[in-house]
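Dock chain B against chain A, hints included.
Spelled out, the chains give:
There are 2 protein chains.
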Amino acid sequence: MSEKKIPYKIYLDESEIPQNWYNVRADMPTKPAPLLNPATGAPLTAEEMSGIFCEELVAQELDNDTAYIPIPQEIRDFYKMYRPAPLIRAYCLEKALGTPAKIYYKFEGNNTSGSHKLNSAIAQAYYAKKQGLKGVTTETGAGQWGTALSMACAYLGLDCKVFMVKVSYEQKPFRREVMRTYGAEVTPSPSMTTAVGRKILEEHPGTTGSLGCAISEAVEVATSTPGYRYVLGSVLNQVLLHQSVIGLESKAALDKYGVKPDIIIGCAGGGSNLGGLISPFMGEKLRGEKDYRFIAVEPASCPSFTRGKFAYDFCDTGKICPLAKMYTLGSGFIPSANHAGGLRFHGMSSTLSQLYHDGMMEAVAVEQTAVFEAAEKFARIEGILPAPESSHAIRVAIDEALKCKETGEEKTILFGLTGTGYFDMVAYQKFNDGVMTDYIPTDEDLAVGFSALPVVPGQE
Amino acid sequence: MSEKKIPYKIYLDESEIPQNWYNVRADMPTKPAPLLNPATGAPLTAEEMSGIFCEELVAQELDNDTAYIPIPQEIRDFYKMYRPAPLIRAYCLEKALGTPAKIYYKFEGNNTSGSHKLNSAIAQAYYAKKQGLKGVTTETGAGQWGTALSMACAYLGLDCKVFMVKVSYEQKPFRREVMRTYGAEVTPSPSMTTAVGRKILEEHPGTTGSLGCAISEAVEVATSTPGYRYVLGSVLNQVLLHQSVIGLESKAALDKYGVKPDIIIGCAGGGSNLGGLISPFMGEKLRGEKDYRFIAVEPASCPSFTRGKFAYDFCDTGKICPLAKMYTLGSGFIPSANHAGGLRFHGMSSTLSQLYHDGMMEAVAVEQTAVFEAAEKFARIEGILPAPESSHAIRVAIDEALKCKETGEEKTILFGLTGTGYFDMVAYQKFNDGVMTDYIPTDEDLAVGFSALPVVPGQE
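From first to last, the protein sequence lines are chains A and B. Each position in the first sequence, counted from 1, maps to that position plus 3 in my numbering. Each position in the second sequence, counted from 1, maps to that position plus 3 in my numbering.
Bear in mind the hints are in silico, worked out from the structure with no lab data behind them.
Because identical chains cannot be distinguished in the list, a pair is counted as satisfied if it fits within a single copy or across any two copies.
Computed cross-link-like contacts, DSSO-like style, restricted to lysine-lysine with a CA-CA straight-line distance of at most 27 Å: (1) Lys-8 / Lys-259; (2) Lys-132 / Lys-98; (3) Lys-312 / Lys-34; (4) Lys-406 / Lys-8; (5) Lys-132 / Lys-380; (6) Lys-414 / Lys-83; (7) Lys-12 / Lys-83; (8) Lys-83 / Lys-408.
As the structure is a computational prediction, the values presented were derived from the model and not from experiment.
Just chain A, with the same shape it has in the complex:
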């Protein structure tokens, strides 16, 4: 089909919403390492997991073999409210850059949660409802995951308890109000409502909280309240599975026009968006059918892939969660106040970590001011105000397109635009006022995090 026929926005039909999620683990020659029980050092069993997670989600978490897992019709019906998400040809950006590269982006911000998080939130809430549970608990930092979960729970009539890091609760009151509008109970963490919260407040009066603490409180409430389970918006295998709709729709849209991307770029915090975007393409690469360059983009202030260690570590700073093998800066690593809250995680999805370790993908770290320069340029040219997280991918997509301008290569670039920045205007204001700064941890900073890695048998 001729180039000219590609529209600005490629919308698939509702009937083309994927029927199945794609589980990239099925095509991985080396599977991601299993979660370990931190007390015993043994792989976590389904039974151990089922006290924390819903049963069907435990099955998905442990399933390294089934390539295609059917998406229940009820979830597909919910997806119809905001999916298929558009795949956008960045004609305006290409022209402004003067590049021969063809740039596409999958825009996941066209829903009220403002990001791709809703894809997994509805799946996790659905299985909780199906299991007859009364409600779910979770933590939220930047607030995108909490908002998405609130929306999914409101739709299904499920109770939703969100522990929001206190500093975010106070600094992002509007995020909090969106969650409350969707009926969620939002508690600033640490709180006096949990034993772990009271203990932390006693030890650190006046603390503004952390994601690790909020996780601890959410898990405590889930495991101590009958009819509740805990849900998580990233890192886990099940989340990458649900997010595969991003990549499946992107691939279907490109296939319609006979377009094959050369480079696929996504921002990486816990890996939910990147893992979802690349999965069907990675499957082709793993099966030796096609080759692609995959680039994970992370903040220079929290460089798990580019400067982390591939080791077993705790997923939370409170060290109550299972151990995961992943690229990590150490659960004691405190990321600086980078505004891309969704990328401020010390670790990384085990699946993506294994793929990176096996040389199947690349990673680059970028600095915050360079990211916001790209974000502002993109907003003005393409008309969408991007989230700081998403803007990491924009930065590298622009950099790759400019390389094509130098070499004259007509490469096709696909990147994930995970969400919108409407609730991140404090960060934009800092950029607009010229007072935004960069931060790169020193080797000494990183050594502190590495020194606290847990001792696991068989791990160096």
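Okay, now just chain B, sitting in the frame of chain A:
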């Protein structure tokens, strides 16, 4: 075509973006009354207008005869970034209400300005650029119009000076930052940068400003700075013309499925969204081809249609603008602090006023808490967090659907969902906290506004 085939979201092709705007005035037997020069009482000439507005926009403002005016290709290209906007079948809302009514809404919030305002902003900016101007000035209250204009100007490389009502500038810093991110110069009004601003500040030190004052400052800068003109986001005939894309796309989408709405509902502040949504349907009604019920929804706190007078009045509280014949509460009427900032205008589009006066449409006034009840219900059921303005239409759409439930009638309802509420969370918070109040002006309150209506020859 069978009912079942209608998807959740009807997306037209990019090729189906309208080629022409539709000018409903061409089909009106009684044309809207002309703008008058307040000094002479005579109809404003094109020459008088061209000092304030761009030439092509003056022509559009005065053209009561041409039914279809071509949309320049450059504007259609910009429209492709966010149009065609989806027409959504509210299956979830119908089910939740248990109504036999079929509900559709045209969603105009899927762009970074968060509302339909972008449809006219790009048109007005385009004609300014085409005329070789350097920039435009405007005022903004709630901020949707200012944001839309900033985006359009950033795209075209046009300078954009926005006077933002001081109280909004301080209470809505995020709106301000979005405009700055798009390169606009945002000045809190009243300011020391204009003669009128300095005069007002001298007379009323510490004032938090008003829309009327911001208009005065924007007009002063436009008329005193070479290469600048003033642009306005509502009320004017030209704005309704540009906004006709809303109705044209809605009609094209419904026609594809052989659906004819019985009732068409829109919120009404200055009339830009309502006028755009209903125009092609109103054309059919005016030509006697089909009948429709049109319902304008306004806040009970600012009831121009339902309690105003049809009279010549100033469009601004500063009384420097031309006189327009419209339903008005008097330019001295100060609307209470209703959160639907976009509906806090004392007057109304002359075109819609004439149609209402001629019995072609109905109007209802609704109270704020009832509006937010509808907004929250809609957000939870349909997954979109609506703007307070848009939620006025949702309230009446739900009311009409519930009437159908009582009578068993299977009416088809179409309403305009003009935008999203991401920057209105202060209002949602008041509702969530149960501290939102209603306000209905007394007859005495209204008498004050009416007493200040200007004396115009031939007007009672």
